Each structure stands twice: as structure tokens, then as C-alpha cells.
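With the sequences and hints as input, model every part of the structure.
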Amino acid sequence: MTICEPGESKLMADILPPDMQPDQNQDPKSPEPDVISVKPFHVQIVWFNAVGFLVLYVTTVYGLYQACFSSKGATLLWTFVLMGYAGFSTTVGAHRLFTHRSFKATTSLIVILIIGQTLAGQNCLWVWVRDHRQHHKFSDTDADPHNSKRGFFFSHVGWLMMKKHPMVIEKGRTIDMTDMSSDPFVMFQKRFYKSLFTFFGVLIPVAVPWYLWNETLFNCFIIALIVRLWVTNNIVWLVNSWAHWSGTKPYDRKIAAVESFWVSLLCLGEGWHNYHHVFPWDYRTSEAGAWPNASTRVIDWLQQLELAYDLKAATDRMVARKMLRDGDGSHPLADLPLEMVIKHMGSRGKTPEEILTEREEDSIPQLLRVEADPAMRQHPGSSI
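Following the UniProt record's numbering, the numbering of the sequence shown begins with 1 at its first residue and continues without gaps.
No wet-lab data here; the hints were simulated from the structure. Source: prediction; values computed, not measured. All C-beta atoms in this analysis are idealised placements derived from N, C-alpha and C, irrespective of residue type, glycine included. Incorrect hints may have been included.
[What the hints assert, rightly or not] Below, computed lysine to any residue pairings styled on SDA-like, alpha-carbon distance capped at 20 Å: (1) K163 <-> N49; (2) K104 <-> R321; (3) K164 <-> G151; (4) K104 <-> D183; (5) K164 <-> R150; (6) K104 <-> R173; (7) K149 <-> P166; (8) K190 <-> P166; (9) K254 <-> R321; (10) K149 <-> R253; (11) K190 <-> I110; (12) K72 <-> V208; (13) K72 <-> L203; (14) K72 <-> F221; (15) K72 <-> L217; (16) K163 <-> K72; (17) K104 <-> G121; (18) K190 <-> G121; (19) K254 <-> P332.
[What the hints assert, rightly or not] Quick list of the computed label-pair ranges, beta carbon to beta carbon: (20) T107 <-> T178: 18 to 24 Å; (21) Y65 <-> M340: 53 to 59 Å; (22) K164 <-> F199: 27 to 33 Å; (23) F152 <-> F48: 54 to 60 Å.
What follows is the structure in C-alpha cells.
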């Protein structure tokens with residue numbers, strides 16, 4: 001595991017060029033001047049999408065009834081397996097691996113995760129990563145695709161029913177995607193996404209229960225496809241809405257992202273969002289030991305299988321300094337001095353002496369490496 005400690009804000013300013021300075025810790029009430037709309041923006045609904053989502057929601061209600069009273073147990077189990085595969089492929093793959101490059105993966109794991117992300121039905125991986133990198137770089141401004149300041153509904157699903165804000169389009173062109181564009185597997189999926197989704201996301205989920213255990217074709221369609229897509233997508237969208245709406249801010253009180261136990265439980269560990277926006281390159285997306293965080297456990301397991309490697313994580317000392325300086329006081333250790341906080345954190349595996357001897361200078365090669373990494377250049381971390 002790579003232990004990263006960018007050090008104090010002065011150290012960050014001295015090493016990182018101006019275009020790499022982190023901006024996700026900016027007060028959401030005071031966005032950058034260049035992402036504030038100059039001209040009035042009029043909402044334009046994309047009616048095809050809006051009606052499509054309405055049909056999806058209404059159909060899901062009937063699908064849940066069918067799941068409870070007329071479907072076979074094997075069909076429900078099959079649907080849950082598909083949800084898990086798509087869910088982990090989104091959190092572990094699309095989010096932590098491809099967007100933030102918080103670890104590296106073997107070719108076989110990359111292929112498995114891309115297939116699972118296709119199954120999720122959340123657009124191709126290239127677009128998913130671009131939108132999420134943009135969300136971090138311009139979080140909660142007009143250039144954020146799902147700007148939480150436009151309301152809970154908009155940040156949850158409304159942004160998919162409306163034409164993009166002009167600033168989203170303009171700033172989206174500035175996101176560095178060279179790493180994704182140079183990946184042959186990513187570009188293959190991007191080119192043939194509709195066909196791949198039809199096969200992996202529609203035909204296989206529907207055909208397997210119909211062919212193997214004689215489930216009715218209607219139940220196969222309504223449960224293994226419609227209900228599955230509704231559940232998995234809404235759980236992921238909670239990170240954009242709920243995790244920017246209600247919760248604590250133990251690491252940075254100035255940003256909108258919050259910590260949410262329930263979002264973490266539902267979304268496989270993605271709800272520790274205040275931490276994640278402060279340390280976006282940390283593969284854990286949470287402080288060490290935080291529970292629930294199923295995706296972190298999966299990555300640890302993949303590392304043991306030698307499918308994942310070069311895991312990046314913030315040091316306990318780095319987390320402690322940030323929490324004490326900028327947190328809202330909700331952290332259990334917020335009232336303790338730095339040395340005591342570090343000692344408590346060190347009990348999770350490191351000795352206090354090991355943590356206390358960490359030096360900012362050790363992180364300089366890591367910071368220089370950020371400059372060459374497009375994923376981390378969008379959000380190289382907070383000014384700790």
C-alpha cells in the first residue's frame with residue numbers, strides 16, 4: 001500500500017502548479033468566479049428521459065409486487081447477485097479504480113469490472129469517469145453535473161432529466177481523460193456500449209431465469225431488469241444527493257459533502273463522503289476501520305489474490321491534522337490534542353512511534369507523481 005501524506009498547505013502550494021491546486025475544499029457558497037453563471041440559465045427538461053424515468057419508477061412498484069407474490073426464489077437470488085456484481089463494479093471499478101486511480105488492477109480484473117459496470121446501466125465508463133472527475137473538480141458549483149445546491153431531487157435524478165448547464169459543458173471539456181482514452185478496454189466499451197449493454201445488461205439477466213428454471217418471461221423482465229436497474233441506480237444516486245445533504249463533516253466543515261452511515265450501508269461504503277472529498281485518492285474512501293465499507297474489504301481481498309496492487313491511502317497523521325484543523329467537531333477524537341489522536345489511530349495497526357516519525361518530506365515524490373496522473377490531477381487531494 002502506498003501511504004500518501006501531502007503535508008501542510010504551504011508544502012502543497014510550493015510543489016503543485018496553479019492548475020493542480022485542489023479546489024474541492026472550497027466553500028460551496030463561494031464557488032470560483034469562472035464557474036458562476038453570468039447569463040440567466042433556464043431549465044430545459046428532456047422529456048424523453050423524464051417520461052422514461054417515470055415509467056421506470058411506476059413499473060418498479062408493480063415489479064416489487066411481483067417479486068413478493070409471484071416470482072421464484074431463484075429469480076430473486078439471481079437478481080441480488082446481479083445487483084451485487086454491478087454495485088461492486090461501480091464502486092470498486094468505475095469509482096475507486098478508474099476515476100480516482102486509488103489502486104491498480106490486473107488485466108483480468110479490469111475486464112471483469114468493465115463488464116459489471118456495463119451491467120449497471122449507468123452510461124459507458126468513459127462518460128461515468130468524466131462526470132465524476134468533474135464533480136470533484138467543480139463540486140457544488142454550476143459546473144458540477146449534479147450540483148447539490150440545485151436541490152435534493154436535481155442532484156439525485158433530476159440532472160438526468162434536464163439539459164446540462166452551459167458551465168457543465170464548458171468545464172467538462174477541460175477534464176483530463178487521456179488515461180481513459182488510451183485504455184483499449186475502456187474505448188472498446190465506449191464504442192460498443194449500446195450493444196454491450198443490450199447483451200450483458202438486458203439479454204443475459206432476462207434469459208437466464210427464463211431458460212434455467214422456467215421463470216415467466218414477464219417476471220424475468222420486470223424483476224431481473226426493471227427492478228434491478230431501479231434499485232442499483234437509486235442507491236448510487238444517494239451518494240450525489242443524500243451524501244451532500246444530511247450528515248456530519250468531521251474532516252472539512254467548509255464543503256457540502258457529508259458522512260452518512262446509511263448511504264455507506266446501502267452503497268457498499270461510498271457514504272463516507274466528507275472524507276472522500278478531502279482525500280479522493282484514498283482507496284478506502286473513509287478513515288481506516290470505518291464501518292460499513294464493503295468495497296474496501298473487497299479491494300483488500302483482491303489485493304490478497306494479487307488482482308489489485310499499489311493501494312493508496314492517507315496516513316493517520318495526515319487525517320488527524322486535517323480533522324483537528326478543519327472538521328466540524330463531530331469526530332469522536334475531535335477534543336483531543338494531535339498527539340493523542342495519532343496514538344488512538346495508531347492502535348489500528350501502526351504503533352504511535354511509527355506514525356509520529358512520519359515526515360512531510362516523505363510525500364514529495366508522491367506529489368510529483370500526481371502531476372503525471374490525469375485522474376489525480378483533477379483532485380490531487382486537499383490542502384492538508
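Status of each hint after checking the structure:
| no. | hint | result |
| --- | --- | --- |
| 1 | K163 <-> N49 | 10 Å, holds |
| 2 | K104 <-> R321 | 28 Å, violated |
| 3 | K164 <-> G151 | 15 Å, holds |
| 4 | K104 <-> D183 | 13 Å, holds |
| 5 | K164 <-> R150 | 13 Å, holds |
| 6 | K104 <-> R173 | 26 Å, violated |
| 7 | K149 <-> P166 | 16 Å, holds |
| 8 | K190 <-> P166 | 24 Å, violated |
| 9 | K254 <-> R321 | 16 Å, holds |
| 10 | K149 <-> R253 | 16 Å, holds |
| 11 | K190 <-> I110 | 15 Å, holds |
| 12 | K72 <-> V208 | 13 Å, holds |
| 13 | K72 <-> L203 | 19 Å, holds |
| 14 | K72 <-> F221 | 13 Å, holds |
| 15 | K72 <-> L217 | 12 Å, holds |
| 16 | K163 <-> K72 | 41 Å, violated |
| 17 | K104 <-> G121 | 24 Å, violated |
| 18 | K190 <-> G121 | 13 Å, holds |
| 19 | K254 <-> P332 | 19 Å, holds |
| 20 | T107 <-> T178: 18 to 24 Å | 19 Å, holds |
| 21 | Y65 <-> M340: 53 to 59 Å | 55 Å, holds |
| 22 | K164 <-> F199: 27 to 33 Å | 29 Å, holds |
| 23 | F152 <-> F48: 54 to 60 Å | 23 Å, violated |
The earlier numbered hints that this structure contradicts are 2, 6, 8, 16, 17 and 23.
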